[in-house]
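Asks: Protein chains in written order, with the numbering used here: chain G, 834 to 1133; chain D, 834 to 1133.
Honestly, the hints are just simulated from the structure, not real lab data. Ideal Cβ placement from N, Cα and C applies to all residues, glycine included. Do not take every clue at face value.
[Unchecked claim] Simulated crosslink set (EDC-like; lysine to aspartate or glutamate; CA at most 20 Å straight-line):
(1) D/Lys1128 to G/Asp1047
(2) D/Lys874 to D/Asp1047
(3) G/Lys1128 to D/Glu987
(4) D/Lys970 to D/Glu985
(5) G/Lys1129 to D/Asp1047
(6) D/Lys1129 to G/Asp1047
(7) D/Lys970 to D/Asp950
[Stated by the list, open to error] Anything over 12 Å on all C-beta distances counts as not near chain G; from chain D, calculated:
(8) Glu855
(9) Thr888
(10) Leu903
(11) Leu942
[What the hints assert, rightly or not] To give an idea of the interface, some chain G residues facing chain D are shown, with a C-beta separation under 8 Å as derived from the structure:
(12) Glu855
(13) Leu928
(14) Lys997
(15) Cys1057
There are 2 protein chains.
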Amino acid sequence: MSLVIVGSVAFDTIETPEARRERIVGGSCTYSALAASYFTKPKIVAVVGEDFPKTTAAFFKKRGIDLKGLSVIPGGKTFFWEGRYGDDPNQRDTLRLDLNVFNNFQPTLPASYRTPDILFLANIGPALQEHVLAQVKRPRIVAMDTIRHYIETEPEALARVLRKTDIYFANDEEARLMTNERNLIRAGRLLLERGPRLVVLKKGEHGALVFSRDSLFGIMAHPCEGVVDPTGAGDSFAGAFLGYLDRVGNLRVSSIRRAAVYGGVLASLTIEDFGIERYKTLKPADVEDRFQRIKKFVSI
Amino acid sequence: MSLVIVGSVAFDTIETPEARRERIVGGSCTYSALAASYFTKPKIVAVVGEDFPKTTAAFFKKRGIDLKGLSVIPGGKTFFWEGRYGDDPNQRDTLRLDLNVFNNFQPTLPASYRTPDILFLANIGPALQEHVLAQVKRPRIVAMDTIRHYIETEPEALARVLRKTDIYFANDEEARLMTNERNLIRAGRLLLERGPRLVVLKKGEHGALVFSRDSLFGIMAHPCEGVVDPTGAGDSFAGAFLGYLDRVGNLRVSSIRRAAVYGGVLASLTIEDFGIERYKTLKPADVEDRFQRIKKFVSI
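Model the full assembly from the supplied sequences, consistent with the hints where possible.
Replies: Here's what the structure looks like:
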């Protein structure tokens, strides 16, 4: 199987109640590709400026990530986001957002990217998501994610992408906003009517729910005693979820449930350090160990 | 085994975003005894006024609840609470609270109540909880619950009761208030240091966590599409939890986990109708059916 991920590779400045980090590497594509790399060899589609560190690109390659679809714009500046978390790690404020090289980004996919088994349209504008969709032969699975900004500003384009989506990832706030429904069970079921075969609602410290027409799965989050930096948890969840599905190559109920647990595993590991730091030392055995711990944690 | 429950039997006036009910039967003892009655024959200690409906007392008896410890004060008025829920069923405001017969309540336990295997000190003042504790031969399990009001106004008495407690039930807000710790995993572990062998943190729609020194269990809440009246969910959880433990007669890890699932079962059933209405038609088979559904819902 093969997994193509389209999203942002960025610099993030992050402030938490305890600390601040300036211009560390982040972005939806970064986190989801790193998480997926524990299960498969993801191909990424993204854009960066000349300021993007070569050491980070080398680290991506070492993790088995295919960078043929990563455009480096000469003289360009990499997408920049600055955010601040309060005491509730599920809440954050965006302080600054510079699109930079993303302003005029219209990716042309390398030939080797055009027949993916799984295509993940991570958090980028819905128009860009459609532009990518138009370049691929219908994949077995199209997955997507989005954010509040696009739900509010481009609802029609988003609805079109959603109709072509098999797996939709949303956090609780996004699901409520999309459906105008506070109850997450009802929200999840409503979202199923808009296209996807699977709706994955991520509830941060409260875990996740996976909806399909004939099954509902609930998984608690790993019990974290401390969150260093919540950034990238949702992207890591989606990346691990899809990476695992790409590895097993089927959509059986048991595979989907295990995919969601692996999503929680990578999300909980990511937030143990700032940015992508945790990935620099993370071993496959750590991933398996946490999978077993979560399984034991929720076993009746 | 035997289970004695001490708490309030009350009239509640309840307002939700959809409806309002005046002076329906409620109270911590009521809900926990009804929930426990699906597993054992609880004995209750509480006080009501002459205005308390004989039909309700008859219903309690029919459910196998021992009423020898229920004092009826001639000419007295039953405890009254009025509350309002907003869109978030986990949040509520107390609009009015009349202690009435609870003002001078100093229960004397019937002889048949003084050697319980499990004693549940449900939500009443800590001084009253101590007064009851002093009248019983050390039970195998002392369990307790409390509310924000007593955490704020009687912290010392509460700490004394907690030191004598084996199982402490708290919701997320109470756990944070008790420990001044936002992270619930840390809050749960801190509470374990104050006496209890088990700390049960109820998170409403997000499920529950059960802490012991060497194990941690997380269970999702039953996926409710609609909540009619959240009142009594926490008390029903505790009642079912303890009722189940009373039935199985041991504190094995597997028993504790099943007890927590049954807690979630009765909590989720209770909120499907106003007050204790759901209990009037609830069959043991409904309880088993929901247990199996939750098990399937969280099974990996």
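Asks: Next, verify each hint and record whether it holds.
Replies: Going down the list of hints, with the structure as the test:
| no. | hint | verdict |
| --- | --- | --- |
| 1 | D/Lys1128 to G/Asp1047 | holds (16 Å) |
| 2 | D/Lys874 to D/Asp1047 | violated (31 Å) |
| 3 | G/Lys1128 to D/Glu987 | violated (40 Å) |
| 4 | D/Lys970 to D/Glu985 | violated (30 Å) |
| 5 | G/Lys1129 to D/Asp1047 | holds (12 Å) |
| 6 | D/Lys1129 to G/Asp1047 | holds (12 Å) |
| 7 | D/Lys970 to D/Asp950 | holds (9 Å) |
| 8 | Glu855 | holds (26 Å) |
| 9 | Thr888 | holds (34 Å) |
| 10 | Leu903 | holds (35 Å) |
| 11 | Leu942 | holds (35 Å) |
| 12 | Glu855 | violated (26 Å) |
| 13 | Leu928 | violated (22 Å) |
| 14 | Lys997 | violated (27 Å) |
| 15 | Cys1057 | holds (6 Å) |
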